[in-house]
Every structure is written in structure tokens, then in C-alpha cells.
Amino acid sequence: MEFETVIGLEVHAQMLTDTKIFCNCSTKFGGAPNSHACPVCLGLPGVLPVLNKKVVEYGMKMALATNCTINPSNSFARKNYFYPDLPKGYQISQFAYPLAEHGYILLEINGEQKKIGITRIHMEEDAGKLMHDENNPVSYVDLNRTGVPLIEIVSEPDMRSPEEAADYLKRLHEILVYLEICDGNMEEGSFRCDANVSIRPKGQEEFGIRAELKNMNSFRNVQRALEYEVKRQQYLVENGQKIVQETRLWDDAGGVTNSMRSKEEAHDYRYFPDPDLVPVMVDEIWIARIREELPELPLVKRERFVKDYQIPTYDAGVLTADKALALYYEDVVKLCGKPKQASNWVMGDVLRFLNEEKRDIRQCPISAKSLADMITLIEEGVISGKMAKDVIDDMYKTGKPPQDIIKEKGLVQITDEGELIKTISAIIEASPNQLKDYRGGKEKLFGFFVGQVMKATQGKANPQLVNDLLKKMLT
Amino acid sequence: MELYSLTIHELQEKIKNGDVSAMQIAESVFSRIDAVEERVHSYIRLMKEEALAAAAKADENIKKGDIQPLTGIPVALKDIVCTKGITTTCGSHILHNFVPPYNATVVEKLSAAGAVFVGKANMDEFAMGSSTETSYFGPTSNPWDLERIPGGSSGGSATAVAADECIASIGSDTGGSIRQPAALCGVVGMKPTYGRVSRFGLIAFASSLDQIGPFTKDVEDCAIMMNVLAGYDPKESTSVKTEVPDYRRFIGGDIKGWKVGIPKEYFVEGIDPEIAAAVKKAIAVVEKCGGQIVDITLPHTQYCLAVYYIIAPAEASSNLARYDGVKYGLRTADARDLMEMYTKTRRQGFGAEVKRRIMIGTYALSAGYYDAYYGKASQVRALIRRDFDEAFQQCDVILTPTTPTPAFKIGEKTDDPLQMYLSDIFTISTNLAGIPGISVPCGFTAAGLPMGVQFLAGHFEEGKLLQIASAYEKNAAIEKRRPTL
Ligand SMILES: [Zn+2]
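Protein chains in written order, with the numbering used here: chain A, 1 to 475; chain B, 1 to 485.
The shape of chain A in the complex, shown without the other chains:
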């Protein structure tokens, strides 16, 4: 039987506000346990939440960037459950009236665009963290993370393969980071994902029974977990067994998903409107202001790069995956006027250096100006492309501009025709046999002469000039 996979994702993104969603505590990661926790964070009796407007604005940015409709009156609800990392015994979230609904983002799949629906985006507070003593039966509670603002982005079950899911996740991540509302750090948990996955026989309308997957803290793990889960479900169906609706945890080391005990998930959250907060009223003026603040989004930027710079879609994709990289690339282009060459150098050498050291473009020692200068120096024939390979290596190591490196190493290209003619003449004289054979039709030997000239000039000869001169002088 052929199966179709159905996947929906729930993403929690931590908002990059300085302070928490309902108090003035810092959102900084790290810090001594409970050093960023006030009476509101601690859920002391009598204290009350006051909404941080910034969180609403950040959420609105995401809503607009994902084509959602913002609810003019959205409101908070309490999600009730007991756990020591939840000081109030409830999490303030949104339920019946989320910030935004009915959006979508576009994926590029095999050269075609596919719409993935966004069901809703809502705001909520994060919980704290438990630390268990390994030697004693004691647990400690750190409430630094309590009240850190999150938005939850819930997709429609529109993805049909683990690759699509991973792609959706990357696009969402890209948008959040572009908007500068989330740092996107998956290891520190600023970007978390749960997945709902089911399978159904191809052609069937009705959804299968789904499993909810948790504990996947990288793009790769999301894809691996989904791939495993799809196989597991297919195996069950093919062997006449039933799929049960449950929450399953991804075990990274084992490469499998395991069922969480049903007791732990048998929650009745008893959602009801939080009486301590008033509805968030969002008018058109506010929306228009936020819309104006939106930066150019990745997809638009990608299309513009292809059109304006005449670079391949793939290259545009790589260059726009990181907003800072796109900015860097555009700076280089502006300074040297050579978009294709700029793209080759950025995508080739610059990204290779950075990847080797796991750095990002913000930490690149080669400034956009230096790279642009280097490209110009090649264009002007001051150095050859081959020489440039050495030059850029040094630029990365030292952070020096190309002009300095060329001067220090004496790398300036020989473009003096007279000097080169002299060198070539000497080589021709010293290689009578090769000359004879060449003239006799062994055109391959042209390369031999080029090599000899380069050797004699320590590679500094302008290759184009060498070519032209050799062609004249060998015939």
C-alpha cells in the first residue's frame, strides 16, 4: 500500500525583548539561578502581571510576515497544571482569542511554490527549569526563564514529507531571525519544535491517528525523528497493528521515538480567560506602523537577488539564508559592481573559511570593502585570480586589506609586455623540441609553455597576456 505522510508543526520561539512578558525582569540567558526572578516571576500572592507591549509588537511582526490576520481584540487565558517549574500553577497563554490566525508561508519545492498554512500565532510565558541533585533525592527550581516571552506558531497539517517539514522549519527560523525578534538558537531552546505526524493511504481524505513528537533540538533531528516515526507507523499499519494517539519523545542517541507514559499527558488544562489581564486591542494604525517596520523578508530578497544581480536561484538562496550575509554580499556588490564575482567569492572562499571555524558572517575578518577591493584588483589585472586565492587566504588570517598583502608579498602581476616577451623568448629558445612538436600539430603543448612562463615568473605573469603573447610567438 502506498502511504501519504501528513505533518503539522508547533514552533515555540523566544522573543528577543530585554524584559519578560509580564514583569521587568531581564530575559538574559544564564545568570545565577533565580537572579532574574521577581515576585511576579515567583508567583507570590497578590502580585499581578502587566503585559510587555514589545512582545505584542514582535508577535505582530511575525504575524504580518506570515500573512496572518491579526485579531483586533485578542486575549490571554490560563492554562492550569501543577508542576514545580510553574510557580503560579498556571501558564499565561492565549487560547480562544490568539494574537493572529489564518496565515501561510511559501516553500520552494522542486522549483515550485507550495503554501503551508499557519493556523495561529499566540503569545505566552515560558516556564522555569528544574535541576535534580544527582546524589540526593532533591530538586531545585530556577525561575530565571519563567515569564520569558514566547510566541507559538502552529501550522496546518500541510506538510507531506519530513524534508518538507524541515524546509518549513528552516524558512520559519529564517523569518524570525530576519525580523530580529528571535535569536533562533535551538540549543539554548530559543527555537523549539514539536511535530504532529500521521500517515494515511494515498488518496484517502481523512487523516490518520497522529503522534506528537517532542524533544527534537535541531533541524536534523526533526527530520530524523519524522523519518523514523513515518517508518514506525507504516510498519504498524502493514502488520495490522493500531496506531495510538500519544506523545512520543525523540531519543537522539538511539535514533528512535519512545512513547511518553500516558499518565503524564493526561492533562485537562482547564483553560479560562485570565481575569488579571485586559484584552489586547490592536487597531489598524498600530498594524500599519508595525508593517512599516518590517524588513525585506527572505523570499522577497531572494527573488530580488536573482533578478537584480543575475545570479542563480541557488546562489540567491545561500546568500539570503542569513540576513547579515545578504547585507555583506550587497555591500560587496555596491563597492565593486561585480555581482557574479562577488557571489562566487562569498559563496566559495568566504563561506568555506567561516564554516571551517563555525563562525558567522558577523565575525568575518574580511570586510566587505576588502573583498570588493580584491575583486576590483583582479578586474584591473593587478593580480590574477590564482594569486587572489592566496591573497584572500591571508586576508582572512590577518584581516588586512588586499593591497597591503599584495605589497608585502610582492605579488603584483607582471603585465609588462616587453618583460614577458623576453621571458617567453628565452623559454622558446630553451625548448626547441617542444616548439617543433607544437608547430607540427601537438597543440596540447601550449599548456607546457604557459606552465614554463608561470614557473619563470613565479606565477605573477598576467595569464591573459601570456596566452596572447604565446599564441603570437609560437606560430
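There are no misleading hints in this set.
Derived, one-sided and incomplete: chain A residues facing chain B with beta-carbon distance under 10 Å:
| no. | residue |
| --- | --- |
| 1 | S139 |
| 2 | D274 |
| 3 | D276 |
| 4 | V278 |
Honestly, the hints are just simulated from the structure, not real lab data.
Treat the numbers as computed from the prediction; the structure is a model and nothing was measured.
In this text, a Cβ means the ideal position worked out from N, Cα and C, and glycines have one as well.
Mind docking chain B with the ligand on chain A? Use the hints.
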């Protein structure tokens, strides 16, 4: 006249004239407390040391000519408002040792206005009750008859004023918890509009209904207290940014031509005949003052109690979830795991009435029941509110009895929660609608128990309430009696 028996405005005159010092007033109040507290039990905790220090400070300020609205006035605080560094128990075992690191906004405001805090007043546990019998720290007695309850949940705040153990006090009112004990103890009590007084630092019972308000010896004092308490608070999202008038200017205003609504649903069988008669007299006084009596209807009145006993416990079940033994308050000594710590702490820490309401509320919010209970109750609540909106199209204020009966005997209704809940039948709708209400003494029963008449007005119309209450107070000329203690 002893100083403790005077009102705020009387004492202020004396302070301004240099006739008395804040210290003399404080000492007078504490001597009264020494004499009667053992019998009345208004307080969970007295703050004598802090009070005398505050009085000394007040005297320094008086010398400098810095006299604020409450300078040197001894005020009692219901033990539900957080006081920095002073145990705040909410009448519960689970918070018996809780010391807040902050003051409630009203405490800050009173303090800035020069008030001298006498102590933390007794109350029903988590404000759940109408008799102050559910307090973990034992019941409070009605000063007019020590065998009887003072009402609740702010019973201690009411008796502290009635027994002259303070000059004024702070209570909280979720379904009548200020007005009902004020009526049963023969003092003035106001529940302001929801959003008028900050709830920051008020330990939550039912957040959409809770409101802080004053107990005073007369209506003018109520206005003085409201001037201090009212106002927007950036720390409280439901507090409202509307202008606060000088409430004192409503005192002594006449009510000629005012339309006073009498809702027929509040004058039904089951009211104590003496109360019915006293309220009838009150209506006559209002008429004599120039008020025009109009019959009105509040058609959804019959649902108020049911709606209240779904919404209030639902919110409470969530508000009280934080008392889990993890961070502060009681934690059971013998728990082997987390679940046992939760269950034992809460079993030991909460009294029967609190447990009952947590269970009712949890049930009302549960999957499968939410729509039928909480959802429906919220819809009916909107209708109750609309009843009042429509009524206030026809009248300026509404007049009703505050309670259906005078104070009952301690222990009389503890085994019958439904009978107990009926004590708030005339006060609950106010909280559901979010409007202000005031209870003013309207006489005594033959047995010498006080009774109260309640006035209600539209949102943020506290001024109107003070105006009619003061007009009534002046013209009714209720006999000035003091409890014999
Ligand atoms: Zn905080």
C-alpha cells in the same frame, strides 16, 4: 469622649488644632484593643510597635506642618493585603508564615497619606465565607452580641471599626465581603467600582470580582478613605485610568429630584421582617430628602447566586494553585514524592470551605463541563450587567437591603453552606456587574443588632453613592449607639 471613638474627620480637626498628637490617638486605640480584643478577636496580628513608631513619625510631620489626609489615623488592614515584612496570612494555615517582600498598592497609598497601621484584621480563609468563621486563626465575634458572627469575609475589619479598635479599616469585597459585615456590625462599608482601586498586593480570591474598599464610622470618613485609595495603578492591568474626583465634595450634597430605583426582586419573601421595615423607613427618608422613588426590575437577579458560585470558585481554583508547598508558606513535613507533597500540603493547609470551592471551581472548568458551567455563567453575568445598565437608564441610584437577616449565631450555619451563601444574596450582583455599592447603618433590631441599607450606582459613580449615603445618614438620624463591651 475617648479618642478611639472619634471619626477621621473629627480627629483631623483635633490634630490640625494641635489638641491631640498622633501618639495620643495611637495609645488610645491600643488601650481600647487591650480592653476588648480578647472578646472580639478582630485581629490576627497587631502591629503595636510599628504603629507607635509611625505615630511618632506622624507627630514629627505634624510639627513640620506636613499634614496629609490620614496623618496619625489608626487604620486596620484585612490580612489579605500584603504588608512588606509583616506576615500576611489570608486567614489560612497555608500562608501562616508568609512574609511578603512588598506592600500592596493600597498600603503604599495609605502610608503615604499618613495612616498608622494598627494590625492585620481577621477574615474568612482566603475571603471565602460570610461569617469569619473559616479563619484558621479562629472566629471573630460581633461586638453587638459576642455570640454572633460579625459577617464576612472582612469580619475583623468591620469589628475593629465597630468596637473602636481602629478608626477606619480596609477590607475586600468579592461578593459582599465589605458591605455585609458593615451592615451586621453597624458601620459604613463601600465596595468601589471594579478597577477603581488597585488590586496589586491583594491576595486573589476571584480576580474578576475582588475589590478593595474601606470600613468607616460614617460616610464622610468613607469619602476621605476613598480619596486615598482610588486611582489608576500601572502595576494593575484591570485598574482603570479615569479621573478621580474629590469624594469629599459629595458629602452634604442634596438629592432633590434624584431617581432612586427599588428593584422588586430584592424585596421578596424571606427577608427578616425587621430588616424589611427598616429599609422601608430608609426609603421614606430618601423620599423626604427629595428623592423620587421608581420601581425597577433586575430580571436576572435569581441567577446571581448560581453564577457567582461558578465564576468565583473557578477563578479561585486557579488563583489558589500557587499554594503548593514549593516556594513559600506551609509545606508538609512528610512527603515521599512531589505528588504527595502537593496533596498533603494542600490537604493540611486549606480549610474545608476553601477545599469545597477549589473542587467546585475545578469541576466547573473541566473539559466537558466548561461550556455548561463557566461558559454559561459568563454569558449570564453579561446579562446581569446589562440589567444594571438598563436600570441606570431609569434611575440615579438603586436602594436595597444589604443583608436578608441580621447577624446570626456563631456555628449556626457552618454545616449548611447553601444557607451561608444566601447571606450575600443582595450584595453579589454588584460584584458580578462591577458597579460600586455602599452599606450604611439603618437602625437596630429589637434585639439590638445593627442593620444596613445598600445603595448601588453605575460604574465609577462612587460620588453619587457618597452623596445619597451622606444625605440619608444626616436625615435618618439613626440613634448613635455603641456596643457595650
Ligand atoms: Zn520578574
